[in-house]
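Participant: In case you want the letters, here they are:
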Amino acid sequence: MKFAVIVFPGSNCDADCYHVVKEVIKKDVDYVWHQEKDFQAEYDCLILPGGFSYGDYLRTGSIARFSPIMNKVIEFAEAGGLVLGICNGFQILTEAGLLPGALVRNKELKFVCKDTFLRVENDQTPFTSDYTKGQVIKIPVAHGEGAYVCDENTLKKLKENNQIVFRYSTSLGEVTASSNFNGSTDNIAGIVNEKGNVLGMMPHPERCAEAVLGNDFGKYIFTSIVKWLEGGAPGGK
Amino acid sequence: MENNTNNKPWVELGLTDHEYQLIKEILGREPNQVELGMFSVMWSEHCSYKNSRPVLKNFPTEGPQVLQGPGENAGVVDIGDGLGIAFKVESHNHPSAIEPYQGAATGVGGIIRDVFTMGARPIALLNSLRFGSLTSARSRYLFSGVVAGIAGYGNCIGIPTVGGEVYFHPSYEGNPLVNAMCVGLLEHKDLAKGVASGVGNPVMVVGAKTGRDGIHGASFASEELNEASEEKRPAVQVGDPFMEKLLMEACLELIKTGYVVGMQDMGAAGLTSSACEMASRGNSGIEIDVALVPRREEGMTPYEIMLSESQERMLVVPQKGKEEEVKAIFKKWGLDAVVVGKVTDDGILRIREGEKIVAEIPAKGLTDMCPVYEREAKMPALLAEVQNCKLNDLPEPANYQKTFLDLISRPTIASKEWVYEQYDYMVGINTVIRPGADAAVVRIKGTKKGVALTIDCNSRYVYLNPYIGGKIAVSEAARNLVCTGAKPLGVTDCINFGNPEKPEIFWQFKEAVRGMSEACKELNTPVTGGNVSFYNETKGEAVFPTPTVGMVGLIEDIDKVCTLGFKDEGDLIILLGENKDELGGSEFLAMYHGLEAGMPPTIDLEKEKALQDCTLELIKNNLIKSAHDCSEGGLSIALAECCMASGLGAQVTLENDLRPSALLFGETQSRIVISVTTENLKKLKEITNKYAVPMSKLGIVQGKSLVINGKGFSIDLPLKEIEARYKGAIPCLMRD
Amino acid sequence: MHKARVYVTLKPSILDPQGNAVKNGLESLGFADVTDVRVGKYLEVSLDVVDKNVALEQVEEMCKKLLANPVIEDYRFELVEG
Amino acid sequence: MHKARVYVTLKPSILDPQGNAVKNGLESLGFADVTDVRVGKYLEVSLDVVDKNVALEQVEEMCKKLLANPVIEDYRFELVEG
Ligand SMILES: Nc1ncnc2c1ncn2[C@@H]1O[C@H](COP(=O)(O)OP(=O)(O)O)[C@@H](O)[C@H]1O
Ligand SMILES: [Mg+2]
Chain A
1 MKFAVIVFPG
11 SNCDADCYHV
21 VKEVIKKDVD
31 YVWHQEKDFQ
41 AEYDCLILPG
51 GFSYGDYLRT
61 GSIARFSPIM
71 NKVIEFAEAG
81 GLVLGICNGF
91 QILTEAGLLP
101 GALVRNKELK
111 FVCKDTFLRV
121 ENDQTPFTSD
131 YTKGQVIKIP
141 VAHGEGAYVC
151 DENTLKKLKE
161 NNQIVFRYST
171 SLGEVTASSN
181 FNGSTDNIAG
191 IVNEKGNVLG
201 MMPHPERCAE
211 AVLGNDFGKY
221 IFTSIVKWLE
231 GGAPGGK
Chain B
1 MENNTNNKPW
11 VELGLTDHEY
21 QLIKEILGRE
31 PNQVELGMFS
41 VMWSEHCSYK
51 NSRPVLKNFP
61 TEGPQVLQGP
71 GENAGVVDIG
81 DGLGIAFKVE
91 SHNHPSAIEP
101 YQGAATGVGG
111 IIRDVFTMGA
121 RPIALLNSLR
131 FGSLTSARSR
141 YLFSGVVAGI
151 AGYGNCIGIP
161 TVGGEVYFHP
171 SYEGNPLVNA
181 MCVGLLEHKD
191 LAKGVASGVG
201 NPVMVVGAKT
211 GRDGIHGASF
221 ASEELNEASE
231 EKRPAVQVGD
241 PFMEKLLMEA
251 CLELIKTGYV
261 VGMQDMGAAG
271 LTSSACEMAS
281 RGNSGIEIDV
291 ALVPRREEGM
301 TPYEIMLSES
311 QERMLVVPQK
321 GKEEEVKAIF
331 KKWGLDAVVV
341 GKVTDDGILR
351 IREGEKIVAE
361 IPAKGLTDMC
371 PVYEREAKMP
381 ALLAEVQNCK
391 LNDLPEPANY
401 QKTFLDLISR
411 PTIASKEWVY
421 EQYDYMVGIN
431 TVIRPGADAA
441 VVRIKGTKKG
451 VALTIDCNSR
461 YVYLNPYIGG
471 KIAVSEAARN
481 LVCTGAKPLG
491 VTDCINFGNP
501 EKPEIFWQFK
511 EAVRGMSEAC
521 KELNTPVTGG
531 NVSFYNETKG
541 EAVFPTPTVG
551 MVGLIEDIDK
561 VCTLGFKDEG
571 DLIILLGENK
581 DELGGSEFLA
591 MYHGLEAGMP
601 PTIDLEKEKA
611 LQDCTLELIK
621 NNLIKSAHDC
631 SEGGLSIALA
641 ECCMASGLGA
651 QVTLENDLRP
661 SALLFGETQS
671 RIVISVTTEN
681 LKKLKEITNK
691 YAVPMSKLGI
701 VQGKSLVING
711 KGFSIDLPLK
721 EIEARYKGAI
731 PCLMRD
Chain C
1 MHKARVYVTL
11 KPSILDPQGN
21 AVKNGLESLG
31 FADVTDVRVG
41 KYLEVSLDVV
51 DKNVALEQVE
61 EMCKKLLANP
71 VIEDYRFELV
81 EG
Chain D
1 MHKARVYVTL
11 KPSILDPQGN
21 AVKNGLESLG
31 FADVTDVRVG
41 KYLEVSLDVV
51 DKNVALEQVE
61 EMCKKLLANP
71 VIEDYRFELV
81 EG
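Residue numbers (the working numbering), protein chains in the order written: chain A, 1 to 237; chain B, 1 to 736; chain C, 1 to 82; chain D, 1 to 82.
Please keep in mind that the hints were generated in silico from the structure rather than gathered at the bench. Note that the Cβ used here is the ideal one computed from N, Cα and C, for glycine as well. The reader is advised that the hints may include incorrect statements.
Stated by the list, open to error - Cross-link-like lysine-lysine pairs, in silico, DSS-like; alpha carbons within 27 Å at most:
1) B:K448 with A:K114
2) B:K209 with C:K41
3) A:K27 with A:K72
Stated by the list, open to error - Calculated Cβ distances over 10 Å to all of chain A for the following chain D residues:
4) K3
5) A21
6) K41
The task is simple: from the sequences and hints, build the whole structure.
Facilitator: If you want it as structure tokens, here you go:
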């Protein structure tokens with residue numbers, strides 16, 4: 001089983017994701033440079049890390065989306081491979097059309113770095129089988145443009161297909177306006193594509209995968225992926 | 001007068017007649033315009049330290065832990081395992097006063113370059129900020145712009161901003177202070193220096209292209225601010241953190257190759273300072289052809305190229321023959337790397353434009369030969385009166401509970417969450433103690449270790465008595481580190497004062513450095529580098545003297561890190577140190593009585609050292625569950641902070657005959673609030689006895705309220721209410 | 001040589017918190033008559049293309065591909081001789 | 001009712017990192033003829049002011065006070081009937 005962390009110029013959570021895969025869940029992982037036109041190895045899961053690819057100039061993720069490697073990422077995703085986009089990675093995935101909607105400036109217009117609570121809305125994805133539906137997890141966010149927006153039709157589809165994976169909530173799991181700190185549509189913090197093999201989320205699971213950093217709620221995204229890749233059906237606990 | 005200036009172009013550039021004479025002697029002729037420009041920036045206070053060098057000599061700079069002391073781009077201390085910590089602080093006060101966002105952002109960019117130039121990967125940023133009162137719209141504008149600028153740069157480049165401090169005081173209204181500190185991790189073998197050596201080695205400019213920005217920024221930083229400062233706006237540059245991220249990765253990759261002989265960032269005075277400083281340190285010369293420097297704009301003159309302060313550029317001297325390897329690395333990151341000259345052996349900085357020589361100056365003429373001034377020092381006439389202000393007969397507050405709530409809502413004391421939530425303090429996944437504590441702690445992956453980081457200065461103390469204030473600044477920084485379980489290793493300082501040509505300012509400066517030096521000696525924290533920023537004045541009024549102290553400490557076992565929050569109900573709350581009747585210089589005195597007067601709290605360095613050693617031993621032996629320094633706002637505020645950090649209340653009884661205001665709100669030094677289980681009390685006493693550290697029982701951890709009782713006072717408040725005031729104060733003021 | 005002036009604005013249906021903030025800022029400075037503010041992007045793209053129609057085509061494509069995100073933004077542009 | 005279209009651009013000598021990134025982005029998309037890109041702000045300010053001259057004056061002042069930072073930016077604007 002092998003992971004790849006895609007590195008764009010300006011990525012800055014690449015080493016963090018790499019660390020968690022290699023040192024916390026102890027799986028093989030490579031860095032893949034954005035200029036590559038092809039993968040040098042077989043990968044089972046691609047991670048698009050957080051950061052400020054191309055300085056996040058123009059729009060977040062807009063320039064990275066055209067990096068040479070992105071054609072392979074799209075191909076990989078369309079063939080059903082697992083792709084996890086975190087923060088800037090989520091933004092790139094929406095720009096690339098692998099996930100619907102877009103991420104715009106936080107409603108208060110400020111960058112926000114803090115712990116948030118998420119309610120797990122879907123534990124049937126390859127990324128969330130180690131959680132249970134309705135579980136509340138504490139995960140940090142750090143972004144200036146993380147408000148998820150989409151049109152009504154898209155929102156309807158997201159709901160119908162159970163594509164909303166995480167919502168911002170209170171510590172008790174109530175999805176309220178006050179827990180929606182960045183002004184996302186319907187408190188959305190993370191979604192999957194229709195097929196369920198591409199997850200984009202604004203919060204940073206790699207920042208809370210070790211107890212020494214506060215908690216390890218985030219680790220279970222990675223262990224879920226491993227479980228799924230090892231053949232356990234999603235949700236099968 | 002006007003005519004005079006016209007005949008003397010050097011005067012307009014900030015040089016004196018005497019200095020001009022010296023320049024002629026150094027050159028053996030009249031300087032041309034380019035040369036004069038180069039001298040003027042290098043001999044500005046900002047680059048030359050001509051007014052401060054003799055005083056700075058008093059700092060202790062040596063110790064077994066010091067791998068690199070002052071003189072390089074950053075200092076380095078050893079943390080064992082073949083690893084070192086590079087760290088440095090720098091001011092960006094004047095640019096931030098004119099354009100807060102970009103001024104602060106480029107300040108962060110500059111200090112990051114100083115650190116990775118040493119071969120260290122930056123792992124943390126801190127900042128120390130001072131603004132006028134938040135009731136002024138301009139202060140709010142500067143404050144929000146500066147914070148956004150620091151965030152904009154640090155977040156984008158991906159270095160966590162883990163700590164800092166913010167004070168609000170009217171003396172900073174016209175001249176805010178913005179000090180940025182960067183901390184990096186290096187392997188001893190990668191330690192790089194800003195030295196040009198090896199005749200024939202190429203000199204390369206790497207990174208961003210050179211534009212017309214920031215010409216004379218260094219001189220600008222060496223003047224008082226006035227209305228005309230607005231006219232100097234081009235001295236402000238725009239930062240490009242994305243470019244710097246690429247530059248940083250490329251430089252660190254380059255250093256790993258072992259091809260680098262020397263490397264230096266282009267900060268103040270740009271190509272001029274980096275070239276002459278590298279040559280000067282290497283006892284060599286450098287020859288540069290400005291025609292080869294990649295440019296952003298057309299038609300730039302040699303003068304402009306040599307003085308441009310365009311950001312995100314470095315000067316690199318690699319081994320001869322490795323030019324192509326260097327270029328390949330930079331190309332991968334999409335950056336220019338161009339050979340613009342070579343190292344020579346004649347000690348001359350020679351600038352050509354194609355075939356034409358446009359400047360020829362002994363490199364040391366620009367650096368070491370800058371004149372040094374022993375300024376006159378005189379205690380300010382009115383200070384004795386201020387110090388002698390009678391504080392003994394002041395009326396006591398009518399309602400201690402209300403006073404407590406007012407105090408905890410003072411912007412200087414209140415939570416700085418509004419600030420640090422805008423900083424990405426977690427990127428890099430090393431931040432074990434986040435902002436909001438005594439000191440930040442960053443783990444060192446691959447080891448059991450961590451480093452604790454802080455930056456501190458109470459400038460009101462320094463104003464009231466610079467000698468004592470200087471001692472306290474160092475002591476408090478060390479105490480903050482100790483509260484996390486870290487052993488203090490070394491200091492970087494940023495001295496922000498008024499115009500040193502005024503004897504009163506120079507006196508403050510000398511006295512503060514004297515106090516800091518004594519404390520650094522006693523606490524074994526040598527100074528490894530720093531920065532001096534003078535001329536922080538508006539309309540002739542200086543800011544409070546502000547010598548900020550950045551400090552790094554080592555935690556041997558990250559699992560033993562200690563935090564400030566109470567941990568479990570029933571634990572005993574204990575005070576290490578003594579309460580005294582000291583209200584001088586306190587925030588309470590300023591708030592309630594409108595007085596900034598008296599003597600600052602006393603400090604006994606030997607006792608301070610004993611307290612710190614004692615606390616470290618307690619933490620090392622797992623005897624205590626929390627530790628928190630008592631600082632602004634005094635014991636009551638410290639207790640409240642311990643409660644809020646964990647959401648656990650406290651029942652406290654202060655049995656003491658001091659007047660309540662001093663007991664609750666006085667800022668007596670050398671005090672730490674700890675918590676401990678009843679079982680460990682005996683062992684704790686053994687250790688405090690060993691160090692002769694006074695200890696007294698304050699109460700127990702309990703409930704969801706903070707209750708403090710004593711003779712003649714009673715505070716009983718739900719934590720929710722305290723927290724609302726503490727966290728709400730700054731957001732509330734910023735909402736206007 | 002041509003220069004394109006490109007205007008990228010948020011779709012009317014998308015909230016514009018930045019516009020609101022500017023409006024509030026203007027109000028607190030005493031500009032009481034401001035009824036609405038929208039904030040968008042303005043780009044100047046210089047093109048080394050002689051034929052105007054070629055330039056127009058190229059800019060249209062740039063906007064579609066990169067300069068605007070059709071999910072949230074509208075664009076328009078004009079060409080001037082550069 | 002008037003609407004002001006305000007254009008805020010970085011001064012010519014000021015570095016425009018965003019413009020550079022967009023230029024490089026366009027180049028890597030194959031737009032080889034792009035010689036320069038500058039990115040600025042575009043604001044639409046709606047004003048409940050009848051007199052055109054009053055509106056002009058107000059917008060001028062808004063630009064000076066808030067919309068542009070004269071240290072690094074230039075501005076221009078035009079009025080249209082809103
Ligand atoms: N307050 C100070 N205390 C100790 N050393 C200082 C102080 N100020 C400056 N220095 C040292 O003097 C040297 C020159 O400083 P500076 O001009 O700030 O460096 P740079 O050339 O990177 O701008 C540095 O090595 C710095 O560490
Ligand atoms: Mg330097």
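Participant: Hint by hint, which ones does this structure get wrong, listed from lowest number up?
Facilitator: Violated: hint 5 alone.
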